[in-house]
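Visitor: Next come the chains, spelled out residue by residue.
Protein chains: 4
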Amino acid sequence: MANSKYEYVKQYELDDSLLPGCWIVVRIDGKGFTKFSELHGFEKPNDKRALDLMDECAKEVLNEFPDVRLAYGESDEYSFVLGRSTDMYGRRASKIVSLLVSCFTANYVAKWAAFLPDTPLRSTPMFDGRAVCYPLDSNLRDYLSWRQADTHINNQYNTCFWALVKSGKTPTEAQATLRGTQTAQKNELLFNEFGINYAHLPEQFKKGSVVIRRKTMVEVKQRADGTPVLRERNLPTVLHTDIIREEFWQEYPHLMAP
Amino acid sequence: MANSKYEYVKQYELDDSLLPGCWIVVRIDGKGFTKFSELHGFEKPNDKRALDLMDECAKEVLNEFPDVRLAYGESDEYSFVLGRSTDMYGRRASKIVSLLVSCFTANYVAKWAAFLPDTPLRSTPMFDGRAVCYPLDSNLRDYLSWRQADTHINNQYNTCFWALVKSGKTPTEAQATLRGTQTAQKNELLFNEFGINYAHLPEQFKKGSVVIRRKTMVEVKQRADGTPVLRERNLPTVLHTDIIREEFWQEYPHLMAP
Amino acid sequence: MANSKYEYVKQYELDDSLLPGCWIVVRIDGKGFTKFSELHGFEKPNDKRALDLMDECAKEVLNEFPDVRLAYGESDEYSFVLGRSTDMYGRRASKIVSLLVSCFTANYVAKWAAFLPDTPLRSTPMFDGRAVCYPLDSNLRDYLSWRQADTHINNQYNTCFWALVKSGKTPTEAQATLRGTQTAQKNELLFNEFGINYAHLPEQFKKGSVVIRRKTMVEVKQRADGTPVLRERNLPTVLHTDIIREEFWQEYPHLMAP
Amino acid sequence: MANSKYEYVKQYELDDSLLPGCWIVVRIDGKGFTKFSELHGFEKPNDKRALDLMDECAKEVLNEFPDVRLAYGESDEYSFVLGRSTDMYGRRASKIVSLLVSCFTANYVAKWAAFLPDTPLRSTPMFDGRAVCYPLDSNLRDYLSWRQADTHINNQYNTCFWALVKSGKTPTEAQATLRGTQTAQKNELLFNEFGINYAHLPEQFKKGSVVIRRKTMVEVKQRADGTPVLRERNLPTVLHTDIIREEFWQEYPHLMAP
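Chains as they are written, first to last, in the working numbering: chain A, 539 to 796; chain B, 539 to 796; chain C, 539 to 796; chain D, 539 to 796.
To be clear, the hints were calculated from the coordinates, so they are not data collected in a lab.
One should not assume that every hint holds.
A pair holds if it fits inside one copy or across any two, identical chains being indistinguishable in the list.
As the list claims (entries may be wrong) - Listed next, the in silico EDC-like pairs over lysine to aspartate or glutamate satisfying Cα-Cα at most 20 Å (straight line): (1) 548 with 590; (2) 543 with 711; (3) 569 with 675; (4) 704 with 605; (5) 569 with 602; (6) 548 with 625; (7) 569 with 688; (8) 704 with 680; (9) 704 with 785; (10) 724 with 553; (11) 745 with 757; (12) 543 with 656; (13) 569 with 605; (14) 543 with 675; (15) 597 with 576; (16) 586 with 614; (17) 543 with 680; (18) 569 with 726; (19) 724 with 680; (20) 649 with 585; (21) 548 with 731.
A quick note: this is a predicted structure, and the numbers were derived from the prediction, not measured.
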């Protein structure tokens, strides 16, 4: 073969397999999304269209990769969980991370117009990704709790911050007002100053999004008379629910099952 | 902080920095592109529209990431070269690989319609990626030669294969005809049977695509009288040229410069 | 500093930390011990002096490194188990492996004369080592069971093999005799041909050696009248017992405790 | 096989191969040698017996492992250099590091009595080790220059420090005297206060030790009349010479040769 004298370079590809028997979490993050969201006029503190687009992309990742068991997302990040025993691509980190990122990104661009029809895409949306291994079920639970607690903290802060800014404060003044405040104080501020009951805000903003596969009735065809034929399918579904508490995991025990 | 008891999970993120002082090559590959190209009716053995789209995406990667010095692509793969001394994202493998893949994928979807206007996108184009380190300049040269030699071998084979198939042979018969043939024999077959002079085929098909930055005159504005104002810019440019021979590297010495 | 222009080379030291939260097993193996044991006239199939020396070295490793919870050894290998939550040397693989190997080797040479007083050391005893992570308690149990099952299989085979060789067979004949035999057949052979009841062989040969810390009464000083003063100490102790069965782990629950 | 159900645990052994084509440096360091040297009454600032023992152990490492091209040592550390193209143990980091450390340690204990005959070994000498890859010849040269510059800096400081302490200063006072002093000032202090001409101190202390293989005449047997039969052998030899300057590398070009 004409290229045989060059083929030695393949030996420089080192193995990057992830430890067997661990949960694999791939977390992807938007690159420079503060700027990206300004450029595209995202609503503050939360743009439901942009969040719905993120959720849709995550569903497509679950459609494409059966080994992804569940996903959790907030803002411009999403975490995908692969089962302990997955042998997807021999557990090679770069293969798994790059494909999940690529799938997510492709869908983000492809479905953009459906979610933000009046906003042309003006720059390239990009996501980085990394894989992390967790040995114990409790580690995985704690990881997901960490992300959801983060969602709550960020959302509450941002809701206050943008209410203050929209009311005429500068960003610096808004930050100063919020410095050192606790959860209860922030809720009071929202209610007293702006008439916002934090508890009544959309669950999607407060809890983020969980994507799991769930039995769903789907129309697979129509009869001659036009009545639909339904079948049960196991489809990716988005929930905005508490995944820190035990109840969620009792309701969906297959998520953690061996 | 409410999430402080969960934050220990961050410690599970292990460092995946690439060895300093080495060339970094990130090679990305289309996932399942045999099927993808059939689904979208790509012309065989080469679809110029699809190759141009790949080249355009590679140019965008160079636009986005100044640390990418050059790129080489063929078929559904592209290799991106980062300089020895790059400190892009602390040389973290997953960060670099995922962002390059994400940038490439986003552009592939966003620019699809411009290159294949009559072909709606019917499935999700995805690319995997991996990073490889090369200690010596000669290793990098050999890597790129390996890919370009591969381009030649594949293209010559595919040109014969599809000529045979289009002439009525089954794929199995075409494979049998080509088994064990050398370069000279394949060229003869093409010429004698199909009147194809392999040497006259487009360079893009035979040599693949090299993307480098080159001084280019660009119109930056117009004068009041409508005449353009030109400025020299260092822009990503696609070449279809031999990168195995020494001349290319002598012409662009900055590509290998420290 | 005179050496400041060279100090950049430190950046080439990459992090090799082991995943947090996993059991760490460091297994060390004698290098070329078939030859080493011949050179020093080790008794076949088992030389109790050499095994006792191995056990003594393992005890010293536990004396030196409190994070080593237990050890299991057979023949010329020993496995050391570090707890899930150990932060010994920041869990850096090369640091942990090299120090355990170094400690073991130093003691092997230093204590050689005490265990094989009539045999001068004629070559350098060397051990290689590697670290492996296990996410689950069950993985660690299975690892240790794997090694102990291996001890049994090897010892039974070697006992038969050397009995045949000592009775006049060539090594090749002995191998041929044993090929494909099962446990029961090997025991019959030993009993019928050589009058050896396998069950009566020393537990050290059949079960290998487990080293754990156990409360032990130690003489710490003597009273004026010469009577000893005893204190309870938690000292490394060698057992030759079944570690596959559940009972062992129930008897020493602290070994697996968080 | 009785242990087949446990064998899955072998899959948890991850590959730790070092990048091909790079120089491999394995640096070993004494563990807690400040205390170790006090316990054994090492002469300060340098104990020639202890340094000779280190050098002897390094020679044995070169005797044992032909792939080790050269070694450089100072104080309680030694660096071993393996050639770019070595395939020793498939370039697995833990295998290479552990065996070099084990070989060094075994010899340190075995030869201790020959070098320090009046000093019984009172604690276990231990060395840790790590492997680092260097892509360029210049990186390797800089690494070795870094260590030798370090030897000079440490030795000059320690020579001053111990002269001050032996003259009656406390360690704290000695440190205060030396704080911020430059090379020239330290040399003056040594000469004016203690009559020590730093330039006249042994090269072993000032330059450290380099071990390379060099053609050496060796007596291989004696003739009947008692005259020796000499043969040229390529034997590990210790030099105390400048390895920062170019001349050393010109004199021994094979050290860097491909």
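Visitor: Against each hint, give a clear statement of whether it holds in the structure.
Guide: Each hint, compared with the structure:
When the C-alpha separation of residue 548 and residue 590 is checked against a cutoff of 20 Å, the pair qualifies neither within a copy, at 42 Å, nor between copies, at 27 Å. Taking identical chains as interchangeable, the C-alpha atoms of residue 543 and residue 711 are never at most 20 Å apart, the minima being 66 Å within one chain and 31 Å between chains. Taking the shortest alpha-carbon separations for residue 569 and residue 675, neither the intra-copy value of 30 Å nor the inter-copy value of 31 Å comes in at or below 20 Å. In this assembly of identical chains, residue 704 and residue 605 lie within 20 Å of each other by CA distance neither inside one copy nor across copies; the values are 44 Å within and 40 Å between.
In this homomeric assembly, residue 569 and residue 602 come within 20 Å of each other (Cα to Cα) only across copies, at 12 Å, whereas the closest approach inside a single copy is 23 Å. For the identical chains of this complex, residue 548 and residue 625 are inter-copy neighbours only, at 15 Å across copies versus 23 Å inside a copy, given an alpha-carbon limit of 20 Å. For a Cα distance limit of 20 Å, the shortest separation of residue 569 from residue 688 inside one copy, 19 Å, qualifies, whereas the shortest one across copies, 34 Å, does not. In this homomeric assembly, residue 704 and residue 680 never come within 20 Å of each other (Cα to Cα): the closest approach is 35 Å inside a single copy and 58 Å across copies.
Proximity of residue 704 and residue 785 under a CA criterion of 20 Å is satisfied in neither setting, with 38 Å inside one chain copy and 61 Å between copies. In this homomeric assembly, residue 724 and residue 553 never come within 20 Å of each other (Cα to Cα): the closest approach is 49 Å inside a single copy and 37 Å across copies. For the identical chains of this complex, residue 745 and residue 757 are neighbours neither inside a copy (30 Å) nor across copies (49 Å), given an alpha-carbon limit of 20 Å. Within a single copy, residue 543 and residue 656 get their C-alpha atoms no closer than 55 Å, and across copies no closer than 42 Å, so neither meets the 20 Å cut-off.
Only between protomers do residue 569 and residue 605 lie at most 20 Å apart by alpha-carbon distance; the minimum there is 16 Å, versus 26 Å within a single protomer. Taking the closest pair of Cα atoms, residue 543 and residue 675 come within 20 Å of each other only across two copies (16 Å); inside a single copy the shortest separation is 48 Å, beyond that limit. In this assembly of identical chains, residue 597 and residue 576 lie within 20 Å of each other by CA distance neither inside one copy nor across copies; the values are 25 Å within and 25 Å between. In this homomeric assembly, residue 586 and residue 614 come within 20 Å of each other (Cα to Cα) only inside a single copy, at 12 Å, whereas the closest approach across copies is 36 Å.
In this homomeric assembly, residue 543 and residue 680 come within 20 Å of each other (Cα to Cα) only across copies, at 8 Å, whereas the closest approach inside a single copy is 51 Å. Proximity of residue 569 and residue 726 under a CA criterion of 20 Å is satisfied in neither setting, with 34 Å inside one chain copy and 52 Å between copies. Neither within a single protomer nor between protomers do residue 724 and residue 680 lie at most 20 Å apart by alpha-carbon distance, with minima of 25 Å and 52 Å respectively. Only within a single protomer do residue 649 and residue 585 lie at most 20 Å apart by alpha-carbon distance; the minimum there is 16 Å, versus 26 Å between protomers.
Taking the closest pair of Cα atoms, residue 548 and residue 731 never come within 20 Å of each other, the shortest separation being 64 Å inside a single copy and 37 Å across copies.
In the structure shown, a violation is registered for the earlier hints numbered 1, 2, 3, 4, 8, 9, 10, 11, 12, 15, 18, 19 and 21, in ascending order.
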